[in-house]
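Trainee: Sequence:
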Amino acid sequence: MSSEMDLPPELLEFTSVKQTIILPISTLSVMYLVYGELLHSPLRDVLYLWLTVALFALSTSFVVVKAVYMVYGAIVGFMAVKTGDYMPLIEYLTGDLENIVVSALGDVIAVFLNIAADYMLIHRCYVIWSSKKRVAIPLITASVITNAIGLAGVITIAVASRDTFVESNQVLYLAGSNIAFAFSIISAFVNSVITLLTAGRIWWIYRKARNHGVNASDNLVQAVSRIIFESGILYPICIVASLIALNTKPQNRVVFDFYPVAVLSAGIAPTLIMVRAKLGKNVESMQDVVSDIRFTSRPAPREESDVQIRSIGDLQGGELEVPKILISDKV
Numbered sequence: 001m002s003s004e005m006d007l008p009p010e011l012l013e014f015t016s017v018k019q020t021i022i023l024p025i026s027t028l029s030v031m032y033l034v035y036g037e038l039l040h041s042p043l044r045d046v047l048y049l050w051l052t053v054a055l056f057a058l059s060t061s062f063v064v065v066k067a068v069y070m071v072y073g074a075i076v077g078f079m080a081v082k083t084g085d086y087m088p089l090i091e092y093l094t095g096d097l098e099n100i101v102v103s104a105l106g107d108v109i110a111v112f113l114n115i116a117a118d119y120m121l122i123h124r125c126y127v128i129w130s131s132k133k134r135v136a137i138p139l140i141t142a143s144v145i146t147n148a149i150g151l152a153g154v155i156t157i158a159v160a161s162r163d164t165f166v167e168s169n170q171v172l173y174l175a176g177s178n179i180a181f182a183f184s185i186i187s188a189f190v191n192s193v194i195t196l197l198t199a200g201r202i203w204w205i206y207r208k209a210r211n212h213g214v215n216a217s218d219n220l221v222q223a224v225s226r227i228i229f230e231s232g233i234l235y236p237i238c239i240v241a242s243l244i245a246l247n248t249k250p251q252n253r254v255v256f257d258f259y260p261v262a263v264l265s266a267g268i269a270p271t272l273i274m275v276r277a278k279l280g281k282n283v284e285s286m287q288d289v290v291s292d293i294r295f296t297s298r299p300a301p302r303e304e305s306d307v308q309i310r311s312i313g314d315l316q317g318g319e320l321e322v323p324k325i326l327i328s329d330k331v
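With this note's numbering, the residue at position 95 of the sequence shown is 95, and numbering never jumps.
Hints are computed from structural coordinates only; laboratory data are not their basis.
Bear in mind the structure is a predicted one, so any value in this text is a computation, not a measurement.
One should not assume that every hint holds.
[What the hints assert, rightly or not] With a straight-line cut-off of 27 angstroms between C-alpha atoms, the simulated DSS-like cross-links for lysine-lysine are:
#, residue 1, residue 2
1, K132, K208
2, K133, K208
3, K18, K82
[To be verified] Okay, the calculated beta carbon distance ranges per label pair:
#, residue 1, residue 2, range
4, P88, I22, 20 to 30 angstroms
5, A57, L33, 18 to 28 angstroms
6, F256, T60, 18 to 28 angstroms
7, S131, G95, 43 to 53 angstroms
8, A245, A136, 30 to 40 angstroms
9, T248, N178, 10 to 20 angstroms
10, S130, L246, 36 to 46 angstroms
11, T164, I185, 20 to 30 angstroms
12, S26, F189, 21 to 31 angstroms
The C-beta atom is built at its ideal place from N, Cα and C for all residues, glycine as well.
Input sequences plus hints: build the corresponding full structure.
Mentor: Here it is, written out as structure tokens:
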């Protein structure tokens, strides 16, 4: 039985109160809170049904796997401190099969959540940009390459974790870690580009709508909140926050793991978009208003005015109040 004095300095971090108690409690508490927000989404059976089910299933699986991983690790560290026997902790950190499987499973689920989020956000951007293929194709290509890199990193780390005492496995593990880090960087960049394209287009649509007197009462805060929620900007923000926390010096690091929040945000960002679409508050309705106004506001010969009036009357049964705006302009 080893004593605490014989414990290598590298293992002291894994037996501290911060690592075995505070970190699991804080991380799991916030993770459950974020997961609860995902569960309270009112959208369940209409828009993007299969994607909603996929996001829910993947998010639930990730929460379960991450909880098992953190609780099991905390128990191993706590028992090592309590009994003074650090061999189970060393085995857990250097080649425990259950630890490798659970960790790899959580990372694979995270990549698939990223794929689902990319699909929703790219489709959103594609629709906002009037279904232009030259916008969608580069984004789809970037997403495929990014997620392929992520899966490669997960597989490399899992293979190298079998026995970290072997020098070749240490080199392979370092390579896998670098690949995983590159995946996070590229994913944050790709999602930021998607967000900027979508947010910029949303801003342009709302600006055109306000110029025509539609929704002119909106203040700046409402406009900004719409851009934030409808563009999915929360996802890249969480990724960047996770990367910053991961690369902070241990002594300055917050006792909280941002990784689960970043992963679950992949499910929250598309869900927020779908909820707003279900409530009829999304920018597509505003885009239709702008298109109808631009079309019906074109100069036309007087003898064709009856045709215009009939086309306006056909829109009155919808959710948009375009006829009122156009009629008031003619009075």
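Trainee: Confirm or reject each hint.
Mentor: Going through the hints against the structure:
1. For the given pair, K132 sits about 20 angstroms from K208 by alpha-carbon distance, which is consistent with the 27 angstroms threshold.
2. Annotation: proposed proximity of K133 to K208 holds, straight-line Cα distance about 23 angstroms (limit 27 angstroms).
3. Proposed proximity of K18 and K82 is supported: the alpha carbons are some 15 angstroms apart, at most 27 angstroms.
4. At about 21 angstroms, the CB distance of P88 to I22 agrees with the hint of 20 to 30 angstroms.
5. Between A57 and L33 the CB atoms are about 20 angstroms apart, so this pair conforms to the stated range of 18 to 28 angstroms.
6. One distance hint, 18 to 28 angstroms for the beta-carbon pair F256 and T60, holds here, with the actual separation near 22 angstroms.
7. Hint check: S131 to G95, Cβ distance near 51 angstroms, so the stated range 43 to 53 angstroms holds.
8. With their beta carbons about 32 angstroms apart, A245 and A136 fall inside the hinted range of 30 to 40 angstroms.
9. At about 18 angstroms, the beta-carbon gap between T248 and N178 stays in the expected band of 10 to 20 angstroms.
10. At roughly 38 angstroms, the beta carbons of S130 and L246 sit within the given window of 36 to 46 angstroms.
11. Roughly 24 angstroms separates the CB atoms of T164 and I185, a value that falls within the hinted 20 to 30 angstroms.
12. Between S26 and F189 the beta carbon distance is about 29 angstroms. The supplied range of 21 to 31 angstroms therefore holds.
Of the hints listed earlier, there is not a single one the structure fails to meet.
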